[in-house]
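Asker: Build the complex: two chains, separate frames, hints provided.
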Amino acid sequence: MQITSPAFKQNSRAALADTQLQRALGNVRAGFIDKRRKAIDALPEFDALRDSARAIKNHVLENLDLYLETYERKVIETGGTVHWAETAEDARRIALEICRAAGARTVTKGKSMITEEIGLNDFLEAEGIRPVETDLGEYIIQLRGEHPSHIIAPAVHLNRDQIEADFRRVHDHLPVARDLTEPETLLAEARKVLRKEYFAADVGITGANFLVAETGSSIIVTNEGNGDLTQTLPKVHVVMASIEKIVPTLEDAAQIIRVLARSATGQDMSVYTTVSTGPRRPGDPDGPEEYHVILLDNGRSSMLGTKFQDMLRCIRCGACMNHCPVYHAVGGHAYGWVYPGPMGAVLTPSLIGVDKGGHLPNASTFCGRCESVCPMKIPLPKMMRHWREREFERGLNPATSRYGLKFWAFFARRPKLYRFAASLGIPFLSLFAGNRGRFRHLPLAGGWTKWRDMPAPESRTFMQQWQQKEALKQEARP
Amino acid sequence: MSGRDAILSRVRKALGGVADSPTRRAVVEARLGEAPVGVIPARGQLDDKPRVALFGEMAEKVNATVQKVKSRAHVPAAITDYLRSKNLPASVRMGTDARLAAMPWDKQRALTVKRGASDGDDEVGVSHALGGVAETGTLVLHSGDDNPTTINFLPEHHIVVIDAKDIAGDLETTIEAVRRKFGKGRMPRVLNFVTGPSRSGDIEQKLLLGAHGPRALHIVVVDG
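Respectively, the protein sequence lines represent chains A and B. Taking our numbering, the leading residue of the first sequence gets 6, the next gets one more, and so forth. Taking our numbering, the leading residue of the second sequence gets 914, the next gets one more, and so forth.
Looking at chain B on its own, in the form it has when it is part of the complex (with noise of 0.2 Å):
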């Protein structure tokens, strides 16, 4: 017997040997697709407005940084600002994201920007999120040529760029959207829930920023 049928078949032994009765798989099939939504804090169910700002508000108190901008067109500027003010060369990488592209990095003369997945050798990182979750302060991301994954976890700094419209209340809004975007059961190589830059308690138990990933998390908050 193969190792797949003796640990089934234990445990529809263990279970009473029940293994077909069709009531069970009823229940697992509705289950699975109806994808109920349990308990949902009352903390993320805000109007716009307060949303965003309660999103703002719980990924500072993970030590992210979170600015505002206007619209789109504001951002490389902004990007260019960060780096200025943490001392940080004029270069960054980021992956083919169509909303990226189309803003206007040119007007940034002194910045490089070069395009595709890291190879670790990036101090700063851009991606555009998928998505925020407002009750936790945490961005969601997901893999692709748009948005390569080596560039979340590796660059000393991650910039993410989101549009407020995009901030969820809660994750199950997040997990619907992923499902709408992806279709049912479908899922992207890999989706990334961000809360923060990286950190390690490892030591004596005494928080440390930029453990393996990222030492800072900025955020840019598209308007609009």
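Just chain A, same shape as in the assembly (with noise of 0.2 Å):
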């Protein structure tokens, strides 16, 4: 997937003059927030819940190494295969290892950001496999040639009318007089469509919300049944999973999940929690004869031990972009990559490289929204100022803002001058703004005065008023 986001600023300014995707982002604004505080409300343990998950996977992180150990262990005992990846390269050539040696056409595909993340699906089809996305929300966007705009929700950024169209121009064996004209019509056409290729597929391949090193098993999270449904039916599944998804057992497992769904959609439980363990066992009349899970670092294992340890606590619900007004404003393909939101602001300079990602930790008003609705209790707002520091140690921000700074910490640290150049300066400005009180433009501060007023400063200094303050208090007394 081509990175955008160095061109973070140019996608904000089309985002925000693009009409149908600022008519979309109504619904993530009035949908998510009401459920989730709903859901939360009617749960009395809920923030007990999350103080558990978070130590369930700091204690995991800090034994990440014996718990990969064992699960490895487990998975090989009931009859899978694991193989590690250290890059997104090396998953995508052990991923098509196995479909080559399966004789792979067609791959079905449950939701997976983890395959976003390598380019999966581009690289199969390079290979001539066809891959097909089976989440709803995913396969319109593979009809698209797009990517997810929103980690559980990727179709968030269209409206009906558009899937309708998308609908009509690649189902063109359907009869062109059909009404789509509902959500249920175009749900039941898919489904149609989909169900086809479920039993047509020779490799299935999903992600995972968790890894159970008791058991070896991998837990998917879904609501439509069609994670079920890509690991049930072809001869052979592939889980493909990051290295921090581990957890020790199915009660730690249980912990979270009870934080999960609430956080995501506001759900109690998603529909469908499964719990996949090995291939088919003998007597059994269903299910793959071959289960793989590709085990991928790509930069996970660089953020162990460092500022950025916390982000792999991340189980992925979505609730920081569903609170993000930076998010709601501009959407997720904004972001310019896999991860957008508050999340991805932390996580894609992490994968990708300060140099690109450095634009998204600024993105942010640092109003807390995130890390107060998130379950894992991630301190997003204070690991994106790290990359702050780390973009102004680089030299990586624009010139105008580092000497601009350098500027402004000269006088901040001699406070006698700071409070001498602030008298002066303050009753200028107070003055020069007249009687509106505001600045429609400022030499210097063009970035803020194009798109907004800038209010003017009181005539007189806080100190100045301080003091003016305390010695009327001081007069009062007897």
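There's no promise every hint is true.
Keeping only pairs whose Cα atoms sit at most 25 Å apart, straight-line, the calculated PhoX-like set for lysine-lysine is [said to hold, decoys possible]:
1) B/Lys981 x B/Lys962
2) A/Lys40 x B/Lys1119
3) B/Lys1027 x A/Lys197
Source of the hints: derived by calculation from the structure; they are not laboratory data. None of the values given here were measured: they were computed from a predicted structure.
Answerer: Okay, here's the thing in structure tokens:
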């Protein structure tokens, strides 16, 4: 997938001017927030569960090597195969080898952000294997040649009429006169088309929400049932998961599951939570004959032991973006890579480099809503600040802001000089603004005044006002 | 160096090179051995009757339909009634589950019972659940000849029979029951937790039932 994160500013401008997108984004603001609130209000233990979930993941990260070894041993014991992929390229190559060995022509896919991260679909297609996304949202965006704009609602940037147009364009074997005006009819059509694909597929690829060390199981959490059909009907099931998805036991998974769906869609539990362990057993009438797990690192191990380790607790619920004013304004594609919103603003620079992803941690108002709703209590704003520091250290931000900060720092470190300069500057600005009390244009601050007015300061500095008030208090005392 | 060794050595280095600390190994072994339970919501901690009632209430909240029958002998008639009320053909698909097999299906003259995994042509599938979870109205099913996994997902209507005594208050009790049945650290090939019929919100965030799995989920709770 082409990375456009360095063009975040241009992307955002285009997104703000896109009326279809702005209409669709209204669904994020209206939908997710209230549903989550209601689900959480109905569970008094929610906050205690968040702490429990955080503690479980922290424990796993501190012992990740041991849990990975145990998990691998258990998968092998149950007849599965574990493949280790250091990079995206390794993971793609391994997936292709499995598909080739199975003689695969069609591959069905359950929803998986990690296969987006490694660009699996384009790669398989170039190798002559047809990948078919089966999650309704993923299917829609695959038809459009797009990428997900949200980690749990991949087609949230689209409206019904756009989807209808795509179905008419692609499903050209169906009668032109059919009625597709209701979302129900669109869903029914996709269901029918995809049913055939599940049976035609030679390999089914899913992600994993959890990998359980105790039993060697992978767990997927879905609502549509597409993940289950993807992994049940083909001869081969491939699970692609990153190394931090491990939990010790099913009890641990149960703790995190309780916060996952509530944070994501406001459901108490997703419709299908499926625990898979190895291939078809003797006497099993259905299920895959081969079970493979591709364990992907792709930069995760470099986050361990750093300021960004906490990010590895992320369970991809999407609550941070659902509550983010920046995401609400520009949507997910503006972020320019796989992971949007606050979690993307932290993760993207870790995975593709701060030189390319540096704009993203700057696209924050630091309102802190993301951290306050994160089920894993990940300090997202703090980590965005760490990225800003690194960007500054490496001189990646624009010269004007670097010099501006240095100029300001020179005064800030010399309080007397600062107060003196402020006492000269502020009355001047106040006078200059006149009766309006605001500036339409300001030299060197065009980035601000182009979009909104700059309020003019009061005629005296804060320190001057403080001193005056203190003096009045003194006088008032008997 | 293989990918495996490279990843594990990077992880160990990042964790401060404490690979073979016996203390760490002991902590991990203990955790896996004991499988401690965490926070359990009070919601599910109820006596038998209110627990079964909560299960039904929560299942209906997620668009399942729930019916209670007095004994296993009443199940075939209940299912026939359901099929009739929904205008469905009098034909169901089920596995070889002994509890289902022992029910008086032959008394439902018009009903055809097909056995074995589904090939996608069945409108109605019948399964017997291993258990249920009251806190969320969730059914627990496992793969195998008794209740093939394809029946959970391919038919348009999924009817699940569950014994009231198998309904637990919380997820953890069910997990413990699975461990008792299959052995510590062992699992059936697939364990399905099913909470309502299949759905999607991918078109304008509007909730639509019947995405890729069953459009309808009907639960028959057998009393006693």
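Asker: Next step is simple, just say for each hint if it's right about the structure.
Answerer: Taking the hints in turn, this is what the structure says about them:
Taking the CA atoms of B/Lys981 and B/Lys962, the gap is near 12 Å; set against the 25 Å cutoff, the hint holds. For a cut-off of 25 Å, the pair hint linking A/Lys40 to B/Lys1119 stands: about 12 Å separates their Cα positions. Annotation: proposed proximity of B/Lys1027 to A/Lys197 holds, straight-line Cα distance about 23 Å (limit 25 Å).
The structure meets every hint from the earlier list without exception.
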